[in-house]
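Trainee: Sequence:
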Amino acid sequence: MNKVRTGATLLLALSLATPLFADEGQTRVGGVLEVEMDANTIATPVAELAISRDLGKYVAAEVLVLYEDGITAIDTAAMNLTPEDSNWSLRAGDIYIPFGKFDSYMVSDPLTLSLGETREAAIQYAFTASNLSTSIYLFNGSNNVSGKSALNNFGLQFTHASAFMAIAFGYIDDIGDSNAMQNAINTQLGSNNTSSKVAGQSMALDLKMGAITFNTELVSAVSAFQAGQLEAAAVQPLTISSELAYHFHIAGNESVVAIGSQSSKDANALGIPKSRLLLGWYNALQEDVHWILQASQDTDYSSVVTTDYAIKLVAEF
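When you line the sequence shown up against the working numbering, it's residues 1 to 317, in that order.
These are calculated hints, taken from the structure and not from any lab test.
Each residue gets a CB set at the ideal place from its N, CA and C atoms; glycine is no exception.
Warning: the hint list may mix true and false statements.
[To be verified] Listed next, with one range per pair, are the computed distances between beta-carbon atoms:
id, residue 1, residue 2, range
1, ALA315, SER195, 45 to 55 Å
2, LEU285, ALA234, 45 to 55 Å
3, ALA315, ASP38, 16 to 26 Å
4, GLU254, PRO45, 16 to 26 Å
5, ASP288, PHE248, 19 to 29 Å
6, ILE167, TRP88, 13 to 23 Å
7, ASN144, ALA224, 13 to 23 Å
8, MET209, THR128, 19 to 29 Å
9, ALA92, GLU316, 24 to 34 Å
[What the hints assert, rightly or not] List time: in silico DSSO-like cross-link candidates among lysine-lysine, alpha-carbon distance up to 30 Å:
id, residue 1, residue 2
10, LYS274, LYS197
11, LYS208, LYS265
12, LYS274, LYS208
13, LYS265, LYS197
All chains should be built: construct the whole structure from the sequences, respecting the hints.
Mentor: Set out below in C-alpha cells:
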C-alpha cells in the first residue's frame, strides 16, 4: 500500500528485524528505495535509511535520513518511551504528527496528503484501549502569530477499528503549519508571520467487505484564511480522497486493483489539481518488493485536463 513512510512507520517495521549488533541494546537498520517512471522521465524520487536503537527496556532512539527529489536531509529524529506491558507511549523529536491517514494504492500521493502532511518538532502521547487509539500532541509550529514564536500548538487524533471498519477523526489547531501550507503562506506573505491561526480537521472511513475495500478521507481547514493570508481572496482549503479496491493473489503474492477519485477546493495556492481520477494496480513481487501501475487524469483550477501514466518499483529492506 502506498502509505506515507515516515520514521515512525518504517522504524516500527524494524522492530521485527534482526539486531545489527549483538550487545545489550538492539540497533536496527532498514530503508525504502523507490524507482519511478512516467511518460517523460525515470528517476529515484525517494530513498530512506532508518536507524533505531534500544537504549533500555523502555526507551528507543531513531533517526531517518531521506533523499527526496535530489535533496538529502534528516527527515525524522525522535526518542520513544514505551513502558513494558503498557497501553501508552510517549514520543518526542522531529516527527510527522498524527494528522490524517493518507492511505492509497496509487503511485502519486493523495491530495489529502498535499494539504495535511505536517512534520514538526513535537511531543506526542499515544494511548490504546480496546479498539480505540488516541494520540495527543503539542508542537511549536513554524508559523508565528503576530511575529511571536510560542509552544502553543496542539492536536489530537482518535481511531476506532474493528474487523470490517475503521473510523478516524483528527484535529490540529493550525493547519497553516502543514508542510505545503507553510510554503504557500511564505510565498504569499514573504514570511511565516501570520495574523491568526486556522484550525484543521481530518475524517477518514475504511471499510472491508471480503475481497473489497473502500477508504475515503477529508482534510480541510475549519474556517477560512483571511484575504491576503494564503491567496488574494479569503479561502478555506479542502481536499477529499476516495478509493475502491479489489484484493486478490497472483502466484501467492498480494495484488490489488483500485479506482480513485480525488478533489480539492480553494487549494490553488498549493499547486494541486482541482480534481483527479485514478486507476491503479498494486502487485507484490515478494514480501518486501512491489510495483504499482497508475493512469491518472488531472483537471486544474483553469480547467486544463492532463493525462499521465506512471509505474513505481518499491523495495523495503
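Trainee: Against each hint, give a clear statement of whether it holds in the structure.
Mentor: A quick look at each hint next to the structure:
1. About 46 Å separates the C-beta atoms of ALA315 and SER195, a value consistent with the hinted range of 45 to 55 Å.
2. Between LEU285 and ALA234 the C-beta distance comes to about 49 Å, which sits within the given range of 45 to 55 Å.
3. A C-beta distance of roughly 19 Å is found between ALA315 and ASP38, which places it inside the suggested range of 16 to 26 Å.
4. For GLU254 paired with PRO45, a C-beta distance near 23 Å keeps the hint of 16 to 26 Å intact.
5. Checked against the hint of 19 to 29 Å, the pair ASP288 and PHE248 passes, with Cβ atoms roughly 20 Å apart.
6. Roughly 21 Å separates the CB atoms of ILE167 and TRP88, a value that falls within the hinted 13 to 23 Å.
7. Hint check: ASN144 to ALA224, Cβ distance near 20 Å, so the stated range 13 to 23 Å holds.
8. A hinted range of 19 to 29 Å holds for the C-beta pair MET209 and THR128, which are about 25 Å apart.
9. Checked against the hint of 24 to 34 Å, the C-beta distance between ALA92 and GLU316 comes to roughly 26 Å, which is consistent with it.
10. With a CA separation close to 24 Å, the supplied pair LYS274 and LYS197 stays within the 30 Å bound.
11. With a CA separation close to 29 Å, the supplied pair LYS208 and LYS265 stays within the 30 Å bound.
12. Pair hint LYS274 plus LYS208 holds up; C-alpha atoms about 28 Å apart against a cutoff of 30 Å.
13. This hinted pair checks out: LYS265 and LYS197 have alpha carbons roughly 19 Å apart, not beyond 30 Å.
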